[in-house]
Structures are given as structure tokens and as C-alpha cells.
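Number of protein chains: 2
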Amino acid sequence: MSRVRVHNFSVSLDGFGTGEGQSAEAPFGHAGSRLHEWFFLTRTFRAMQGKEGGTAGVDEAMAGAWRAGIGAEIMGRNKFGPQRGPWQDHEWKGWWGPNPPFHTPVFVLTHHPRPSVEMEGGTVFHFVEADPAEALRQAREAAGGLDVRIGGGPSTVRAFLEADLIDELHVVVVPIVLGRGVRLWDGLDGLEDRFRIESVTTPSGVTHVTMSRT
Amino acid sequence: MSRVRVHNFSVSLDGFGTGEGQSAEAPFGHAGSRLHEWFFLTRTFRAMQGKEGGTAGVDEAMAGAWRAGIGAEIMGRNKFGPQRGPWQDHEWKGWWGPNPPFHTPVFVLTHHPRPSVEMEGGTVFHFVEADPAEALRQAREAAGGLDVRIGGGPSTVRAFLEADLIDELHVVVVPIVLGRGVRLWDGLDGLEDRFRIESVTTPSGVTHVTMSRT
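Read top to bottom, the protein sequences are chains R and F. Letter by letter, the first sequence follows residues 12 to 225 of this note's numbering. Letter by letter, the second sequence follows residues 12 to 225 of this note's numbering.
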């Protein structure tokens, strides 16, 4: 049965999944790299950059689980890029270069649909105006029986949690305070009742919280 | 040198230190007991209730550190009780019965000062209208060279963090989502820069985050 999964989603102690003031130079706004230092050290991230080495402990084990069994991703428009409103720059093709790490269809939620963009390595960005259930229907169809990843950002993960469409949620609590940005947890009072929850802290100082549907 | 310490301060994943709708029957409002289940299981808490038994692991080790070396506590008015505005019920003497667990002077921050209340066992509630620095000055004087505990609630801990008056902060992140209430972390962007930070998860599922002044 195809599952809906979130992986490697970092939040601050105050629950922000990204900072304020996103721009082409600062995908996470004023948060900079603070939410993802743990991830940058892993083999999984370094391999995405074409580099060798990296940590091989629990952070890596968790980070590396993001790809197996995934047939499509859904992401919010702000994960795809910093543009707001009607698309001005059609040359923007995401933060990930010509060969993005997804290698599957990726459904970008937007109120401004545009033609699909085919990248190297199997990633195809589709731009869809749809609520979570409809976006998931399309992604499942494209995933060919495999799982669907909800890639973020926080508003998108939250929308899918509100719609109770997530089966597995991996959140990484980073012991920093961002103060402003976009919160993950708003409106999700009692979320814990819907999941089996595990937490583990690693030597990098982060806490991996996994919630899986009971 | 006298230190300023916070112990056993539970927050939800979304950063709430208490829920919404405090009343005499619900000190933590709609949060109920969800933030403190880990604490209720410890020997330290059970001993406060005059009971035997309880957990003896890391939760207990952390919980039990709250008393040693403390000469006074400062708490917000909402930790003391559910009344707001001018005191209507002078018979209210806190949630803790005739012999509260503090056994030291306790300074209750309020815009409505009233005469001190002496309890059994050495606890004396003083009601002071003061900013954090002045309240700390008074508490330090009463503590006779010992440390001062900032007892909560979240607004009070936050005010002392904003004023950079905390030396040791022990926060317990509980993997629940409260959705509403009073947040601990608001306005504290970059707090991590002022502290050495450690995190450890325990089998109860909570994460103890300790911040000590570098």
C-alpha cells in the first residue's frame, strides 16, 4: 500500500520550519543554514553534492531513508523557489541545478500553473493548483504504486497533516530559536493522538522525532 | 557565585509551556497533564505527594536536580494561581496545599502587591511588582548566597531570558502539539548563541534540553 512520507524536516525549538525573508540567496531566509547543519554533515547530503565522506551514524541512517520506495514528491511553491505571484522568471528551475536529487515526478503546488519542466536524471516538475487530496491523487498516479514524499516547506507539510494524509512524519528538532518564519505545528492540537511517536537524540544535538500512523 | 536556574520546564513541540484556559481545576488549561506525564512518574514528584516509588532513570536525575542549592524562587502570578486583576480571593495560597514543596522564600510577580503569606515548611510567598532585574535582586538577597530558581510560567521564564538573567535552563520537550496557550520561545531569536547546549532523549519519549551559560 502506497504511503505518504515526510523525511528530514528540520524545525527549531520554537517550531519554525523555515526563517523569514526567503530569497534566491537565502532559501531558508534568516535561518540561513542553522536548521540543516546536522544534514550537511551526512553522507546522504554530501553524495547529493557529488562529494565523498560524511557522518555514518543515526543522523545518516535517518537522512538516508528519504529516497527508498518513493515514486513522486509533492512540494510547496516556496520550496521550489523564491518567486511569489505570477511567474516572472521562467528560467528558474529550482535550487538544485540541472540534475535535481529527486529523480521522480515532483508536483509543485501553486496558484499559477505553468508547463511542466523536465530535468536531467528523471526529475520532472509539474505545477498544479490543487488541494492536498487532489495533489496526492495525481502524485500517487505518477508514483506507480510507490510511496509519495511530501517535501515541504512547513505550510505544505502542515496542510497535509491537517488533511490527515500523512502516514510517516520524520521531524528533526534542532536546538535553536528562530523567533520568526513559518511554523510547522500551527493548528495541529492533539496531533500526537494520530501517531505512534519515537524520539532519539544524536551526538549532533538534534532530536529525531518520528511519527507513524498507528 | 549565585546562579539563576530553571528546572523541569516542559514545552510542547510547538513551544507552548502551558495551555489555554487556566482555572482552579486546570492549572495548565487545555494542556491538562499532557506536558507533565514524564514528571509525574519520577520519584521526585511522587515524594512531593508523600508517595513512594517512581522512576529512577535520567528523567528522575533531571527532575531531582531542581532543589539542591536553591535559596529562593521567583514565579509569575499565573503559576501561583488562576486569579487575574485585583485579588478577589485572599484565601488562595497556591496549588500546593499548606506545606508547599519550595521550603524557601518565593517571590510572586504581580501588578497587585499584597501582604506576604507564610506557609508551613519554610515557604513564604512574597508578592512583588518588579521587573526581572529588581525581582532577582530581592530574591538573591533572600537566598543568602544560594541560587535562585525561576519557576515559571512561560511568560516569566521568557522575561528572564530576554533580560539575559538565566544561567542554566532545563527545558523538557514533550512530543505533543498543544496548538494554543502561552509560548516560551517568542522573541528569543538566536538564544542558542548565549548557551552551551545538550540534548538527551529518555525512554519516556521526552527530550531534556539543557542550556548553560558559556
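If you're looking for bench data, these hints aren't it; they were derived computationally from the structure. For each residue, glycine too, the CB sits at the ideal point set by N, CA and C. Do not take every clue at face value.
[As the list claims (entries may be wrong)] Derived CB-CB ranges, DEER-like:
id : chain 1 : residue 1 : chain 2 : residue 2 : range
1  : R       : E209      : F       : A72       : 50 to 58 Å
2  : R       : H101      : F       : R14       : 52 to 60 Å
3  : F       : R224      : R       : G43       : 57 to 65 Å
4  : F       : E36       : R       : A58       : 30 to 38 Å
5  : R       : A67       : F       : A174      : 27 to 35 Å
[Unchecked claim] Some chain R residues close to chain F (C-beta under 10 Å, calculated; not the full set):
id : residue
6  : R45
7  : L189
8  : G190
9  : G201
Status of each hint after checking the structure:
1. Judged by the Cβ atoms, the range 50 to 58 Å given for E209 of chain R and A72 of chain F is violated: they are separated by roughly 21 Å.
2. One distance hint, 52 to 60 Å for the beta-carbon pair H101 of chain R and R14 of chain F, holds here, with the actual separation near 59 Å.
3. About 24 Å separates the C-beta atoms of R224 of chain F and G43 of chain R, a value inconsistent with the hinted range of 57 to 65 Å.
4. Take E36 of chain F and A58 of chain R: their Cβ atoms lie about 55 Å apart, and the range 30 to 38 Å is violated.
5. A hinted range of 27 to 35 Å is violated for the C-beta pair A67 of chain R and A174 of chain F, which are about 43 Å apart.
6. Using the Cβ-Cβ criterion of 10 Å, the hint placing R45 of chain R at the interface with chain F is satisfied: the shortest such distance is roughly 8 Å.
7. For L189 of chain R, the shortest C-beta to C-beta distance to chain F is roughly 6 Å, which falls under 10 Å, so the interface hint holds.
8. This hint holds: G190 of chain R has a C-beta 3 Å from the nearest C-beta of chain F, less than the 10 Å allowed.
9. Here the hint on G201 of chain R is kept, as its CB sits about 7 Å from the closest CB of chain F, short of 10 Å.
Violated hints, listed in ascending order, are 1, 3, 4 and 5; each of the other numbered hints is respected by the structure.
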